[in-house]
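Novice: Those protein sequence lines, which keep their order, are chains Z and P.
Residues 1 to 503 in the numbering used here are what the first sequence lists, from first letter to last.
Residues 1 to 562 in the numbering used here are what the second sequence lists, from first letter to last.
Be aware that one or more of the hints could be misleading.
Chain Z side only, calculated, beta carbon under 8 Å to chain P, not exhaustive [claimed, not checked]:
(1) G257
(2) I295
(3) F397
(4) N493
Just so you know, the hints here were simulated from the structure itself, not pulled from any lab data.
Cβ atoms here follow ideal geometry from the backbone N, Cα and C, with glycine treated the same way.
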Amino acid sequence: MKKLAESLNPAERKVLKVLNNFSSFYDIMKATGLKDIEIARTLQWLQNKGIIKVKEEQKETVSLDENGQKYLEHGMPEKRFLESIEKASTIPEITRKSGLSNEEAAASLGALRSKNAIEIEKNKEITIKLTEHGKHLLKHPMPEENFLKENFPKELGTLNQEEKFVLEALRKRKRIVKVELSKSISAELTETGRKLLKEKIEDNLIEKLTPSLIKTAAWKGKKFRRFDVRINVPSIFAGRKQHYRRFLDEVRQKFVGLGFKEMAGPLVETDFWDMDALFMPQFHSARDIHQAYYIKEPKYGKLDENLVRKVKDSHENGFNTGSKGWRYNFDVKRTHRHMLRTQGTACSARMLASKDIKIPGKYFAISRCFRYDVVDATHFPEFNQTEGIIVEEGLNFRHLKSVLKMFAEEFAETDQIKITPGYFPFTEPSAELHAKHPELGWIELGGSGIFRPEVVKPLLGKEIPVLAWGIGIDRIAMFKLGIKDIRQLFSHNLEFLRNAKVV
Amino acid sequence: MPTITFSLKDLQHLVGRKITVGEIQELAHYGKGDFEGYDEETDEVKIDFGDTNLPYLWSVEGFARLIKGILGMQKGIPQIKINKGDYKIDVDKSVIKCRPYISCFAAKGRKIDDYLIKQMVQLQEKFCESYGRRRQKVSIGLYSYRRLKFPVHYKAVGPLAVEFVPLEFKAKMNLKEILAEHPKGKDYAWILEGFEKYPVLIDDNNEVMSFVPIINSNFTGKLEIGDEDMLFEATGTDEEAVNLAANIFAYALHERDFDIYSVEIKYPDKKTVSPDLTHEIIDIKNEQISRLFGLELKESEVKNLLEKAQFEFTKNRVKIPPYRKDIIHPYDVIEDIGIMYGFENIEGYPLATFTHGSTEKIHDFVDKIREIAVGLGYQEVMSPILANKDLLYKNMNIEGIGTIEIDDCMSETYSAVRSWLLPNLMEVFSKNKHVEFPQGIFEEGLVNHTKGDEIVENHKIAIAGSHDGANYTEMRQVLEYILKCFGLHCDIEEAEHGSFIEGRCARAIVKGKKVAYLGEINPIVLSNWGLEMPVAALELNLTELFEVMEKNKKTGEFEELQ
């Protein structure tokens with residue numbers, strides 16, 4: 001009980017103190033001087049603490065309408081009508097003098113006649129005279145006038161017989177009173193509440209610990225008001241990383257952890273690095289204008305022409321790899337054609353031809369790639385590819401298998417994998433990696449293989465085993481992020497971004 | 001991408017034993033295909049052979065052949081009997097310029113039914129569209145030779161020289177009309193672009209059989225249910241591919257119990273007999289098997305595996321079946337040895353060599369900046385890199401410069417590579433007008449523009465705040481704070497930029513490099529995006545800032561040495 005008393009905030013204390021005498025919402029409001037929204041909130045809190053029980057009842061309440069308010073201030077029209085009869089006698093004159101509208105004048109006329117306060121004489125003109133009763137009424141308040149002075153809003157049930165009679169009469173007139181069905185809220189003390197009231201309710205609790213309280217040590221010997229720590233608080237949002245990018249950051253860290261070095265390449269590539277260096281013949285269907293994004297200007301890029309010659313040979317006659325090559329006329333101009341990167345493997349090709357390559361070496365890249373696609377829930381013209389190579393003398397398919405198993409464990413959280421034959425123009429052998437994801441079932445996780453000599457020898461200058469792989473990371477990302485629509489990877493919905501799951 | 005459909009019963013018939021759907025799933029992998037499904041009601045199996053280079057598998061006959069090899073029901077290269085036919089085709093020198101090669105054979109002895117026509121048409125379409133490069137490299141025609149008079153003439157003629165009724169049409173048309181009006185003519189007219197004469201096949205009665213590679217004649221150029229004889233022809237620009245088409249079809253029809261008859265082809269300078277079933281030979285070495293797969297195999301094991309894959313093997317010499325032209329290097333054969341050995345039977349070896357993992361330096365730098373932006377309370381966003389000029393310039397109230405545009409683009413939305421990032425942020429604001437304010441967002445990413453005939457790629461970061469009090473001061477504070485974190489400071493100069501309010505736009509200069517724009521967004525721009533809340537923004541070039549820092553590091557070291 002003591003703890004409860006200490007947990008009351010100032011508003012609660014204020015309300016609680018008047019609850020012995022008052023129970024209706026309106027009365028509490030008047031007694032405490034708090035605003036209605038504050039009372040509503042405070043009653044809710046008190047009820048949550050089991051101190052009161054809030055009751056809601058439907059009631060008919062009477063209150064003054066627009067004209068009623070006006071008449072309360074300026075007097076009832078029939079009174080003003082009566083007052084003007086002393087100065088004039090015809091209806092238009094009385095109306096003008098009293099400042100009433102025609103409608104009000106007509107209503108007053110009717111009301112006064114029924115009260116027997118006036119006489120109407122029909123001569124040449126219609127004239128109006130006060131009766132004795134009328135003269136009496138002029139000096140004394142009428143029941144309607146008294147009624148208006150009541151305290152509104154008033155519950156219909158509390159009116160006496162006479163008041164109800166007046167109310168009925170007034171309701172027939174225009175916008176003087178209104179009777180509405182309203183919710184009436186009242187609070188009743190519970191057992192706990194009544195006990196609590198008998199306790200000493202401390203007023204001298206510290207609400208907020210301020211710097212000055214700390215400095216002056218004035219908090220010593222006082223109590224802090226207890227908070228209801230279980231109560232809900234308004235939500236906030238913070239600045240944070242984009243959900244998908246954050247996921248990709250983590251993938252990057254994983255590769256570094258596995259001993260891979262990051263590679264990068266430009267978004268705007270040439271046919272050479274994107275395809276030709278990878279031994280994809282120039283007649284390959286992936287190179288159709290409507291498969292890849294070729295750019296308008298500048299149409300052609302600069303290349304190491306010595307390297308171009310070797311790749312040309314590789315396509316035409318296999319270079320000196322023991323291959324027949326593709327046996328067609330390699331278009332040297334076309335190989336310079338600018339396009340947007342279609343596959344991350346372009347980065348691997350660049351690395352193989354780079355002076356900086358270290359052998360043995362492990363390399364990876366997460367790269368944005370572009371391919372024509374009609375946009376829907378599962379297709380988007382941009383995506384991120386995770387690709388890489390492992391260059392080391394003596395490596396073969398057996399090592400590739402264990403590398404793929406490691407990726408399945410890292411990215412699909414499974415050691416159940418299937419490696420099946422596949423086809424890529426740049427690898428021989430080629431293999432597809434399927435993994436049994438704990439929740440998605442069997443999924444195609446990526447492609448892999450050993451780079452063909454026709455790829456390696458022109459770029460690297462010698463034939464060394466190069467294990468190559470690519471992982472479809474977007475699918476794993478969508479699963480982890482709980483996303484069904486691929487477009488949400490690039491979502492512009494701020495509410496979604498602020499609340500997206502961190503994985 | 002070839003996906004083929006066939007009847008399971010038919011497959012079982014061709015293989016000669018029962019095959020379960022489960023077995024098909026496994027067997028498809030040997031052909032580098034993926035099982036797509038089986039419909040019990042129609043008995044239809046679907047297999048996707050994706051982007052593969054083995055067109056002989058794009059028909060049920062080829063797939064059945066592969067299975068017989070895997071199951072050991074047939075060893076080595078399957079035999080095919082070619083009867084000598086007395087059919088002749090005369091090739092006129094006029095076709096040499098546009099479509100010089102033709103292959104041909106006749107098949108008879110069996111009634112053609114609806115299912116067979118469907119299978120043949122399926123293989124024909126997959127082959128021509130994919131391997132045949134949309135009919136440009138190879139196109140195929142099937143005829144009933146009953147209606148033909150030999151010798152057949154293959155020649156090129158002027159667009160108005162001949163006319164015939166094309167398939168599914170009623171009226172005669174000349175070649176020019178077909179290209180302009182017939183649906184197939186419109187689809188494939190591009191192949192003949194630039195040629196004055198077009199290739200046609202005409203029989204000895206002067207009846208046009210086909211306007212290759214466009215459309216056959218409605219009279220001579222079709223195969224019907226009940227026909228018992230068939231003429232196959234393939235034309236194209238690549239002799240090997242044209243011959244391969246004939247070999248694949250000849251094998252398939254032979255396996256369907258047709259008798260195959262050869263056709264003599266008379267070129268202006270030589271005579272050949274088609275189909276050409278010469279076997280190619282390639283030599284492999286045992287150490288190549290261990291180099292690629294880490295397998296040490298005895299010669300007999302190698303022989304056994306190669307025979308399963310339907311090669312023949314004697315003393316390192318591999319004979320290749322005539323329906324395969326994908327073998328260009330010994331490794332292509334070695335792969336098949338590995339496939340037949342079974343990828344699952346090859347034990348994995350762990351990597352043993354230690355290598356040092358690391359990230360790209362610029363990415364590390366970019367990540368530090370992102371971390372600061374997050375700490376300052378901004379929400380990161382990520383947008384597509386593909387954009388368009390309206391978004392990049394028109395809405396931003398500036399003139400475009402050096403934009404990289406997509407050639408022959410199909411979607412206006414994705415018609416250019418973004419040259420700056422702020423438009424992406426404005427787009428985000430425009431989509432979130434009813435979301436709680438203040439809104440603070442940033443994006444880090446790659447942008448591209450051209451400079452002369454060079455392409456310049458930069459990492460940039462754009463940061464923007466949108467709320468009642470968004471102003472220049474906020475952005476200036478953010479920029480200075482970021483720079484301070486790296487021990488840098490900037491000079492500020494007044495700048496003019498259509499996206500910003502005049503007099504409230506600045507450029508920041510670090511070590512002589514203009515690295516950033518910042519300021520309050522012009523109300524014109526706000527209204528272009530339909531925004532009612534002020535926006536202040538900055539865009540900082542991280543690539544340049546990184547270069548400045550790297551240079552600074554080096555000269556700093558130099559100074560210390562002195």
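Novice: Would you mind marking each hint as holding or not holding in the structure?
Specialist: Against the structure, the hints:
no.	hint	verdict
1	G257	6 Å, holds
2	I295	5 Å, holds
3	F397	5 Å, holds
4	N493	7 Å, holds
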